[in-house]
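Heads up: the sequence lines are chains A and B, in that order.
Residues in the first sequence are numbered consecutively from 1, following full-length UniProt numbering.
Residues in the second sequence are numbered consecutively from 1, following full-length UniProt numbering.
These are computed hints drawn from the structure, not numbers from a lab.
Just so you know, even glycine gets a beta-carbon here, dropped at the ideal spot from N, CA and C.
Hints are not guaranteed to be accurate.
Rough simulated footprint, nothing fancy, chain B against chain A, three-plus residues with beta-carbon under 8 Å [what the hints assert, rightly or not]:
#, region
1, 62 to 73
2, 88 to 96
3, 104 to 117
4, 146 to 156
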Amino acid sequence: MKTFTPPPIRPGIHPRSGLGYRIDHGVRSSVPFLFVFFATLVLSAPLNLPGQVELMPAIIMATIFLWSVFVPVLMPSLAVFVLGIWADILSFGPAGVMLLMMLIVHGVALSGRYTLARVNFFVLWLVFGVVMVGVTALQWVLCCALALHIVEFLPFVFETVLAFGSFPVLYTGFVWTYRFVVNNADRA
Amino acid sequence: MPVSIQFRQALGKLVLPALILVACGVILLGKADRGLIEKLRMNTADLLAPAYGLVAWPQEKLRWVSGNLQDIRNLEAENIRLRAENASLRHWYDVAAALADENATLKANLHWIPDNAPTFVSGRVVRDTSGLYARAVLLSLNPDTAVRKGGIALDGAGLVGRVTEVGRRSARVLLITDSSSRLPVTLESSHAAAIMAGDNSALPRIIFYPQDNVPIEGERVVTNGEIESLPAGLPVGHVHYLRPGQPVVVPAADLDHVDMLRVFDYEDSVVPPDAPGRVPLPAGGGTMPLPAHPDQGLHG
Numbered sequence: 001m002k003t004f005t006p007p008p009i010r011p012g013i014h015p016r017s018g019l020g021y022r023i024d025h026g027v028r029s030s031v032p033f034l035f036v037f038f039a040t041l042v043l044s045a046p047l048n049l050p051g052q053v054e055l056m057p058a059i060i061m062a063t064i065f066l067w068s069v070f071v072p073v074l075m076p077s078l079a080v081f082v083l084g085i086w087a088d089i090l091s092f093g094p095a096g097v098m099l100l101m102m103l104i105v106h107g108v109a110l111s112g113r114y115t116l117a118r119v120n121f122f123v124l125w126l127v128f129g130v131v132m133v134g135v136t137a138l139q140w141v142l143c144c145a146l147a148l149h150i151v152e153f154l155p156f157v158f159e160t161v162l163a164f165g166s167f168p169v170l171y172t173g174f175v176w177t178y179r180f181v182v183n184n185a186d187r188a
Numbered sequence: 001m002p003v004s005i006q007f008r009q010a011l012g013k014l015v016l017p018a019l020i021l022v023a024c025g026v027i028l029l030g031k032a033d034r035g036l037i038e039k040l041r042m043n044t045a046d047l048l049a050p051a052y053g054l055v056a057w058p059q060e061k062l063r064w065v066s067g068n069l070q071d072i073r074n075l076e077a078e079n080i081r082l083r084a085e086n087a088s089l090r091h092w093y094d095v096a097a098a099l100a101d102e103n104a105t106l107k108a109n110l111h112w113i114p115d116n117a118p119t120f121v122s123g124r125v126v127r128d129t130s131g132l133y134a135r136a137v138l139l140s141l142n143p144d145t146a147v148r149k150g151g152i153a154l155d156g157a158g159l160v161g162r163v164t165e166v167g168r169r170s171a172r173v174l175l176i177t178d179s180s181s182r183l184p185v186t187l188e189s190s191h192a193a194a195i196m197a198g199d200n201s202a203l204p205r206i207i208f209y210p211q212d213n214v215p216i217e218g219e220r221v222v223t224n225g226e227i228e229s230l231p232a233g234l235p236v237g238h239v240h241y242l243r244p245g246q247p248v249v250v251p252a253a254d255l256d257h258v259d260m261l262r263v264f265d266y267e268d269s270v271v272p273p274d275a276p277g278r279v280p281l282p283a284g285g286g287t288m289p290l291p292a293h294p295d296q297g298l299h300g
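Just chain A, with the same shape it has in the complex:
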């Protein structure tokens, strides 16, 4: 069977296709994954930052949410799964809970992305806050159920508030990364 190649959309202009281009493109595409990967690693180190334990889920969730809404190609479900396992190994909490939270945030962002990608930033912020409240409540319930007693509630509230508060910063970082790092392959 003869393979069908579509005609070029703009004849005469082709993307560069050398090895260097492919490496460059690959690195640029893996920036979101690598960011979450190294953020998890660094925040698990003994930096003695105030609120370090709660900051890790906040940064992970906001980053996954943003990339899943706007550029889901660069944050596929499998990558979220791998990052979830990584975060679980480094965090010493009950196994699998972080993983489940990350997949749920990713799923919500993915299913609502046609609406969410068009709304105002403040609405997006609010939606993220609501998602975070739900996910943290789930985390608390799971932690209680797995530990077989009521664990303290306040750290989870703090985690939610921290995630909500750090969202604008991460949004700015996301916009900058998308505009100047990921989507800048041809001009670099």
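Fit chain B to the given chain A structure using the hints.
Below, chain B alone, put in the same frame as chain A:
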């Protein structure tokens, strides 16, 4: 293999639900087989322990420098305070020396058999693995040292916690403030036994103390030899009342900044004798012979 676009799209939609199911499986697996997850985590921590040490080193130096600067500022006040304290300590030294002499004499008279000196391993705390619901630290250890699960971790001032997981190059120490930590303690002045229960706050509570012998504010709390691998008399802290009827222990150890820990191995320090309190059966599997004269009884 050529597959239709519709089929591929349907497959793509199934990936996320399948992964969520796998995540639930991971949660169940973590509950069913704790050992597997702990092994994975300890192996990762082993790999990362040198890197964590590298991060901790400059912080420690910085704290040392800033501590030095502060010391220089309060040098004079510190000197005065130390002189006063020294005078008081000299008095206590005399008392202690006299008591030690007396103790040695008394022990010699009683043919006292001294306890074995416990072996210990020192390690640097490389990481605070305290999460939202746990208080624990990770120790970096030399791979040749033998640290066992259940080892007792002490800092310079008092009890810090117990070793719960051991890797090749690291060990995890559950602090006494963790909510799953329950230790039998003795209140030194009132001689009451109680349980010190951590609740993830800085001050573990005292529970199950006798109601006719309540803890006294400020009295010393030491460990109780009730459980194996934890000897009696290790300093833990002192009693403080947050409000009437709620005694807590103020730990002697500085649990906020644990730098170096010594892990003692008190394993099999006290071996209970077999079947305590039972009358041994005679050889041959027969029953116990009854005493010939019932009025003499068993003790006759």
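Hints versus structure:
With 0 residues having a Cβ less than 8 Å from any Cβ of chain B, the region 62 to 73 of chain A misses the three-residue criterion, and the hint is violated. Only when three residues or more bring their CB closer than 8 Å to a CB of chain B does the claim for the region 88 to 96 of chain A stand; here the count is 9, and the claim holds. Coverage of the region 104 to 117 of chain A by chain B holds [criterion: at least 3 residues with CB-CB distance below 8 Å; count 4]. Counting residues of the region 146 to 156 of chain A whose CB falls under 8 Å from any CB of chain B gives 7; the rule of at least 3 is met.
This entry does not satisfy hint 1, going by the numbered hints stated previously; all others are met.
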